[in-house]
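Chemist: What follows is the residue order along each chain.
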Amino acid sequence: MSFDHIMSVTIGGLTVGMIYALIALGYTMVYGVLKFINFAHGEVFTVGGYVAAFSLLAMGIDASTPWLKVAGAIALALVAAVTVPMVLGFLIERIAYRPLRGRSRIIPLLSAIGVSIVLQQLIIIIFGPKPVTIPTLALSSASVSFLGVNVRVLALVIIAVSAALMIGLTYLVKSTRIGKAMRATSQDMEAAEMMGIDTNRTIAFTFLVGSALAGIGGLLVVMYYGSLKYDAGFLYGLKAFTAAVLGGIGNIPGAVVGAIVLGMTETYGVSVDLGFLAWFVVAGLVLGLYVQMVRVPNRRLAHIAADRRTPEYERSIMNVYRLTPYHGIKTLLAERTDALLSVSAVDAVRLMAGNIFLAVLAAVMFINSSARIDTRWQPVIAFVVLMVILMFRPSGILGEAVTEKV
Amino acid sequence: MEPVLELQDVSMSFGGLKAVDSLSFTVRENEIVSIIGPNGSGKTTTFNLISGLYEPHSGDILLKGESVAGLRPDLVHNKGISRTFQSLRLFTNMSVLENVLVGMHSVTSAGPFASMLRLPSVRREEKAMYDKAQEILGMFPGRFSGPRQHQPAFSLSYANRRRLEIARALASDPVLLLLDEPVAGMNPAESHEVMEQIRMLREKGYTILMIEHDMHVVGGVSDRVIAMDHGVKIAEGTYDEVANDPQVVEAYLGKRAADATA
Ligand SMILES: Nc1ncnc2c1ncn2[C@@H]1O[C@H](COP(=O)(O)OP(=O)(O)OP(=O)(O)O)[C@@H](O)[C@H]1O
Ligand SMILES: [Mg+2]
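Note that the protein sequences, when read in sequence, are chains A and B.
The first sequence begins at 1 in the working numbering and counts up by one.
The second sequence begins at 1 in the working numbering and counts up by one.
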């Protein structure tokens, strides 16, 4: 495992992660204000990519086009890849979601799936079923030396552009008038209305921003991979949605973190040797042991009623978490224990099982340290990671935006 | 004095329950009018009708002579009616200061592009908003000073949340301020303080319609009192008149008890 290889895998993972993030932001923002998943969002991304590709094709650029003209063409493609998805997102909300607002949550969800199918068919009808391919541009194949490693310029552009957009979005949501209106709407729509906020407009604006970001994602994907298929929105959408859930749905920084974790995981998973990957499992194991030995028991100790708070009792709780042969196992086998102890024992067994699994996994990986996971497993890796993280943190890495109720 | 708010025979029911029944009353400029009445008598529903959350089934609601009945809540707010909530509805994840700034939404205009570009007009507006927010929060001495303004609203004490609701409602300089039980859950010292603040608001020229159970506060600030029971206005007048009205006593104590005291 050379440094160069790790470096280029990292940049590759970050690039994919940033693209997921651009799409994931749309899912998470809409979830924030409407509390439902806009499943048509993946198709909005595809439309952005198609519109961008066809704009580039229409302008007839290829590898020999002078760079100024290429830059102009990309700028125009960008405008198209932003405006068309924006109009589309706006119309989707207006036609398919707004009339259903206030109904039970399954109804707009069905509507979203319907819109997604309609859009996919429309893409086939309008653009044809074959993938759209753009000519190789000098920009797409250019590479630079970055920290001694050869990196595609486009990867760095994608990372930089996405990062800038995310900073812009954070500023928009945190500090501007419309951003405050968005946050107020997402917390309590009725109260926001009674405080003078036109929530319909705020929601429409949320769709506009989310769709613009997805459209830019579409353009970047087309330029990076050179082609796009009509059903690309399905897998990209699903992964971006996964990323949003992974980071904590409704949480904007969470979507970015989730997307980067997902992009990195699936790229690392199939691009580096097991021996290297095993170190990540070891890191997970260290975290797992910390959770089992320190974090969870301390939280439990804090719940002990004052009149039972004897050193012996505290020690037996700790022993359960460490599953020391005497106390831990005795507690598990005892027919009657008090509630806190038995809850702790179940907890401890669960945590310990997880940690043993991680230890075995790491050992197996170290033994086969020069093997690699077949690329076909890539989507599987991503979803296994999702499930594992959500098992231990149901609210996602950064958690859903917390709303404390009175 | 010119009427600011006028309810004309307003009715509203939930299913078969008449929550508000042919209710008529007027609030004049710079007046403080209190609505009292037992639990479930339709007071909050009246506020919800005025602020546009519900549309009256019949009757009309006029703000300065212009009908606002059935208007969308945000448009009602734009016309100058702002309110607080009995069951606190702050934006709990936003800071104290942000809650007040959100309250200014309808009296500010910065668009998304201008905001992102930080045009001079936006900066001027933000500065003005900030100063105004300081002025409003300053009406609650010592409660929202310095770093406390940047704490999330959920971290506030109960009484401070009530104060912040008032501050948020004041942020748009409303023509009419609706306060739904502003001292509920406060101790006597705290409610006395809020009472002083309500008096101060009148001196500043505000017109206030208030729902309150605390008779000390009602008696202390009201120019007029309206009593409701089962959605119907059963009495109106000065605090003393209403408090001694046999129908009001009956509504609160039940018929027998009322006869016994008579
Ligand atoms: N959204 C609603 N749906 C159905 N019934 C409602 C609704 N809101 C209020 N009601 C009913 O309407 C009646 C009046 O309620 P309202 O909240 O206006 O009373 P209130 O005078 O504010 O009482 P309180 O002093 O307890 O706040 C009550 O019987 C209540 O149960
Ligand atoms: Mg009420």
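If you're looking for bench data, these hints aren't it; they were derived computationally from the structure.
Take the hints with a grain of salt, since some may be wrong.
[Stated by the list, open to error] Just so you have them, the derived chain A footprint on chain B, three or more residues with Cβ under 8 Å:
hint, segment
1, 17 to 31
2, 97 to 108
3, 111 to 124
4, 173 to 186
5, 230 to 237
The C-beta atom is built at its ideal place from N, Cα and C for all residues, glycine as well.
Chemist: Three or more residues of the segment 97 to 108 of chain B near chain A by CB distance under 8 Å?
Modeler: holds (count 8)
Chemist: Examine the segment 111 to 124 of chain B: at least three residues should have C-beta closer than 8 Å to a C-beta of chain A.
Modeler: This one holds; 4 residues, not fewer than the three required, reach chain A with a Cβ under 8 Å.
Chemist: Within the segment 17 to 31 of chain B, is the number of residues with a Cβ closer than 8 Å to a Cβ of chain A three or more?
Modeler: violated (count 0)
Chemist: Mind taking a look at whether chain A covers the segment 173 to 186 of chain B? Criterion is 3 or more residues with CB to CB distance under 8 Å.
Modeler: violated (count 0)
Chemist: Count residues of the segment 230 to 237 of chain B with a Cβ under 8 Å from any Cβ of chain A, then say if the count reaches three.
Modeler: Not satisfied, violated; 0 residues make the cut.
The structure fails to meet hints 1, 4, 5 from the earlier list, while all remaining hints are met.
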